[in-house]
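Chains as they are written, first to last, in full-length UniProt numbering: chain A, 1 to 316; chain B, 1 to 333; chain C, 1 to 419; chain D, 1 to 279.
FYI, nobody ran anything at the bench for these hints, they're computed from the structure.
Keep in mind that a hint or two might mislead.
A few chain D residues facing chain A, derived, Cβ under 7 Å [unchecked claim]:
#1 Ala22
#2 Phe78
#3 Val82
#4 Met94
#5 Ala95
#6 Tyr102
#7 Gly106
#8 Pro121
#9 Ile129
#10 Leu147
#11 Val148
#12 Ser169
#13 Asp170
#14 Ile208
#15 Tyr262
Even glycine gets a Cβ: it sits at the ideal position worked out from N, Cα and C.
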Amino acid sequence: MSDTPSTHDTTGPIKRPTRWHIGVFLLPAFIVYSAVMILPLIETLRLSLFNTVDGQSTFVGLGNFQVLFGDERWADDFWNALKNNVIFFIIHMLVQNPIGVALAAMLSLPKLRFAAAYRTAIFLPTLLSFVIVGFIWKLILSPIWGVSPYLMDLVGLKSFFSPWLGKPNSALIAVSLISVWQYVGIPMMLIYAALLNIPEEVIEAAECDGVTGWSQFWKIKLPLILPAIGIISILTFVGNFNAFDLVYTVQGALAGPDGATDILGTLLYRTFFGFQLQLGDRSMGATIATVMFLIILAGVSLYLFVIQRRIRRYQF
Amino acid sequence: MGSLQLKSVRKSFGTVDVIKGIDLDVKDGEFVIFVGPSGCGKSTLLRIIAGLEDATSGSITIDGAEVVTVPPAKRGIAMVFQSYALYPHLTVKDNMGLGLKQAGTPKAEIEQRVDKASAMLSLEKYLARRPAELSGGQRQRVAIGRAIVREPKLFLFDEPLSNLDAALRVNTRLEIARLHRELKATMIYVTHDQVEAMTLADKIVVLDAGVIQQVGSPMELYNRPANLFVAGFIGSPGMNFVEASRLGIADAKTIGVRPEHLTLSRDSGDWQGKVVHVEHLGADTIVYLESEKVGLLTVRLFGEHHYAVDDVVFATPTAGQTHRFDAEGRAIR
Amino acid sequence: MTRNAIKGLLLASSILGTAGFAQAQDVTLTVESWRNDDLAIWQEKIIPAFEAKNPGIKVVFAPTAPTEYNAALNAKLDAGSAGDLITCRPFDASLELFNKGHLASLNDLPGMENFSDVAKSAWTTDDGATAFCVPMASVIHGFIYNKDAFDQLGITVPATEAEFFAALDKIKAEGSFIPMAMGTKDLWEAATMGYQNIGPTYWKGEEGRKALIKGEQKLTDEGWVEPYRVLAKWKDYLGDGFEAQTYPDSQNLFTLGRAAIYPAGSWEIGLFNTQAQFKMGAFPPPVKNAGDSCYISDHNDIGVGLNAKGANQEAAKKFLTFVASPEFADIYANSLPGFFSLNSTAVKMADPLAQEFVSWREKCKPTIRSTYQILSRGTPNLENETWTESANVINGTDTPEVAGEKLQKGLDSWYKPAK
Amino acid sequence: MSKARASLTRTSLVHLALISYAVISIFPVFLTLINSMKDRNAIFRNPMQIPTPKTFDLVGYYTVLGQGDFATYFQNSFIVTVVSIALVLLFGAMAAFALSEYRFRGNTLMGLYLAIGIMIPIRLGTVAILQGMVATGLVNTLTALVLVYTAQGIPLAVFILSEFMRTVSDDLKNAGRIDGLSEYSIFFRLVLPLVRPAMATVAVFTMIPIWNDLWFPLILAPSEATKTVTLGSQIFIGQFVTNWNAVLAALSLAILPVLILYFIFSRQLIRGITSGAVK
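Pulled out of the complex, with its shape left as it was, chain A reads as follows (with noise of 0.2 Å):
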């Protein structure tokens, strides 16, 4: 199934029938594909290069770039939207990876009982919207309804319930860890599969070796996984950054209190939607919808050719 073929030969190159079933199976994919999502989302790229200028759509080339980097209160947004997103990944990847390659762990040990129920427990919250996880969290944190301050005078701290929702400081925190509670099943699915696919005998030959417990998992079985961890990181990445309906339904579209918990995805939505008397803006939305997607480009660019070059690879 050659590319072409060569024609230096004295015989001369093969004609062969062309092979039409290639393009059947690509066609309706890259049909529907095109036409539903590329195409529109070219359309609105495009508009980034575009501004209104007296009534008229006008060619302004990068002009709508400069505005959101040059003037202030753009850039104010911009910079405070990218700050929090970046927060936003740090917590998923300090919380939420580290707890679903901890419970991946636990869940793999040989004979595990109960390991199904746990798994499918785990995972629950990830099969839920937004609109329920947003508005359940809501009523659980809520100083009114009083769940959670009930909760932790269980455990004697009621003293350090706070409505964190409301405060500028544990706000965009507490946001994130409702979202890592969301998805904490996912790194844990693909860590788990990972450690089971690490053959027995590379684990019994540990054993023999005196390697185990703890020791065993931070020096056989974490190395044979860092493949699975690199690609749960950059699939954290792209996800964090185009995030917007947590943070939409559990804090509003302005992203309160005092912008912060306003990421990329909802200053994107104010902008290119508009919001209540605020009118949406086309052009700088496609303007901050083209540097995100210049920013998440760059990160899954980094993770490509840097990174996932750098991790080894093992075959089993």
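Following the hints, position chains B, C and D against chain A.
Chains B, C and D alone, transformed into the frame defined by chain A:
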């Protein structure tokens, strides 16, 4: 029925040439084995014959018909894969019958051919099982059965024995030899194991680096290797090579002597050396010695011999059993 | 090709859009709205009343959640899939729709004569020449209180700022009620129920609002900062954890009888009537000193306009004329107590609480919310900023002065008052 | 496993940790479910208590089921989700097969092209999508939603499935070719059955965002006849934001079908995921 001709068949992946112009003639009913080290292109060549890879250029005819652009299923071939490649979701019977069913063969005939093949391979008991419920040897027999059922012009085997253990390998080798005799079919067989090649083949094709080094019957290759590569590859343990200049021979570059064509003596002989290692195999004894004049030598003696490490001995090549090679490695005849 | 295949597949499973439901002669009008709370009233009262008189026209009320309304509506208008009738937000948001050609002029609509210029002001072009939405209702701000609690504690209805805080102190000291039910979590509660509620008293209603638009006053002026100073004092009277208290939390706190005073908009009346198990009363925003003239926010809030590209213009106009009629005003104002009709024909309202609110129109000077007209056209958006800053002031994260400066700075960055 | 390897203390600790986290995971859902079946006062006074005969009250469910046509909403959500998943799996698997099986000019490029979709939220293209749907007359049809979700699901499906398809033995496919199977038969009869677990994985990951999406139903198909459950319950939350009985009932009704679908798929999901998804 079942002859095969290859004419200047080439194959390149991008700029890398893996098959560099192969010409080959296989007669009806012949058992031909492609042998060579890994990466020599033997499997690629087999897959080109099967139609699983496209040749970049050249011509392939089966029974006189050009098949270069014919899809595998229409070439009248059957193939047995190293990994068995059984359809995991089908029973043994369906695995064997699928090709015929696909070709629209009547049900009764499929039934009959499957029965015949499974009898030939003693697979009757397993017809209803799925591949996962079979042992490695049974799976390999099913894979062979699947090929037999198709009654092909050409059987293609791609290292069919390398996933089996040693004892099973010998058995299956015998079985394949028996099948060849019973079916009188043309078989092309790829292996990297020269013992398999020597024991099964009517004709061996030695390949290296995408080029045929020599074609011939097992004994032709053994007795009259065309070049250094073939000389070294065929025969076990491998041929001893000595620089001709060390022996004062001017009209050759290298002299080759097979281990079994050296005699040993404690008293006198052509090349003095010191024993460095001895292998007792029962029927044979292999002695390795380090000679100042000609370097490391392997000597194969028939029966039991009691040499010890550090013994000083003399080796002498049997007259008329040495091979001479020129500067390009070609045999001088 | 694929599309048609899928389409065929779905058609085959007999799943059709509303298009498939439209009968040959019947016209179906769709009303876009953010008032999903009113769904039942539309379905049970308003639509049957209209359909009874206009056979052959069917009306579908299709509300969207308020938070998504603008975004969804704009997308649908741009693509041409919006309903025939568009519920109008007041002022700039709808003006923008008119300027873009999405809303049609309604100057010639029969029934528009039933509305005064003031009533139409929220949906007219800046030059006052063209009206583009039929005014439906206005809402009035004030405070609703738990009458039983006031009686129990012997508190009289406060009229001045000092009395107001004295009452709060008393409730707090007694301890069985949270003095005031308001949270800052949803931001807009702080701005709308707080700042826009008490503010007009300090910036003198329309006088201050117009001066701000002309550039004669600034948000850093005393009249605009002082309401923030008062708001900052509210902090001590709100429930524990008010920073994370949402708007529904506040409503529940009050209707479950746990809070004594609720800074309100008149639209709460209907809901509170069904949920509260105690007697309620209402009072207007307290004045600074006894005898000062009082101001109330009487804000034109809802109108309904005609989608200029809608398919059923004639039927839609018939519906708009219906909306402009006294009959509609009567149904609407009485089904939704607290939404006051803007129709010139006076509507007789049965609800006592609603009557109380509307009675303030006679003694106090009405004004509209300060940020709605003209001042929220640019970026940053003054309304949104006011939400954030009002919450900040109550939370104590910004001082009143800083809040005023931030708002004025944002406004200055794009707004140049016409000299 | 030898006794030396499993100490009782260690096992107990592991169970303790897992139970704690599992409780954290299900607690909010549990809380919603129990409170949806209580009267209003009990919800506020004793949120943590399970319904007793005294506090048991299904008024929320009556409100929800009486107000909206939830049966239709379910049907809509179900059709949209199932048809979208089917198309994502079919189209995604076909494309993944072409990319992993054949070497042809533009293979890598096509792979990258299909991967872009993972990086940008499709929501950004809303206006153009809506215009397209208006132009083709698909607004307020479930077809519009199916198309959008299919497009949205394809990139991840191709990404995951092509990884899996590379693990299907070449010899097997070649054996099929020699047995006279066409490329289509090889795909449908050999490869698809073998990657079934992977398909289940993709199905679950695709199902979640489709079932739970609020945005596109709102924009593309908000009519009463095409409303989905999530949109329906969101409207309920808006409409009855202070009627917690109704809200909690609506949330419970939205959770249940996801759970049911998940339980149907979970066996395959685990098999899919454990047979080398991220190796």
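Each hint, compared with the structure:
1. For D:Ala22, the shortest C-beta to C-beta distance to chain A is roughly 4 Å, which falls under 7 Å, so the interface hint holds.
2. A least Cβ separation of about 15 Å between D:Phe78 and chain A goes past the 7 Å threshold, and the interface hint is therefore violated.
3. Taking 7 Å as the C-beta contact cut-off toward chain A, the hint placing D:Val82 at the interface is violated, the least distance being around 16 Å.
4. Interface hint status for D:Met94: upheld, as the beta-carbon distance to the closest one in chain A is roughly 4 Å, under 7 Å.
5. Annotation: D:Ala95 was flagged as interfacial toward chain A, and the flag holds, the nearest CB pair being 4 Å apart, inside 7 Å.
6. Given the 7 Å rule on beta carbons, the hint for D:Tyr102 holds: about 5 Å separates it from the nearest Cβ of chain A.
7. Annotation: D:Gly106 was flagged as interfacial toward chain A, and the flag is violated, the nearest CB pair being 10 Å apart, outside 7 Å.
8. The beta carbon of D:Pro121 comes within 5 Å of a beta carbon in chain A, closer than 7 Å, and the hint placing it at the interface holds.
9. The criterion of a C-beta within 7 Å of any C-beta in chain A is met by D:Ile129, whose closest approach is roughly 5 Å, and the hint holds.
10. Taking 7 Å as the C-beta cut-off, the interface hint given for D:Leu147 holds, the closest approach to chain A being about 5 Å.
11. Contact between D:Val148 and chain A, as hinted, is supported at the beta carbon level, the nearest pair being about 6 Å apart and thus within 7 Å.
12. Evaluation of the D:Ser169 hint against chain A yields a violated restraint, the C-beta minimum of about 16 Å exceeding 7 Å.
13. Given hint, D:Asp170 at the interface with chain A, is violated; its Cβ is 11 Å from that chain's nearest Cβ, farther than 7 Å.
14. Restraint check, D:Ile208 versus chain A: the minimum CB separation of about 6 Å is within 7 Å; hint holds.
15. With 7 Å as the threshold, the beta carbon of D:Tyr262 comes within range of chain A, its nearest partner Cβ sitting at about 5 Å, so the hint holds.
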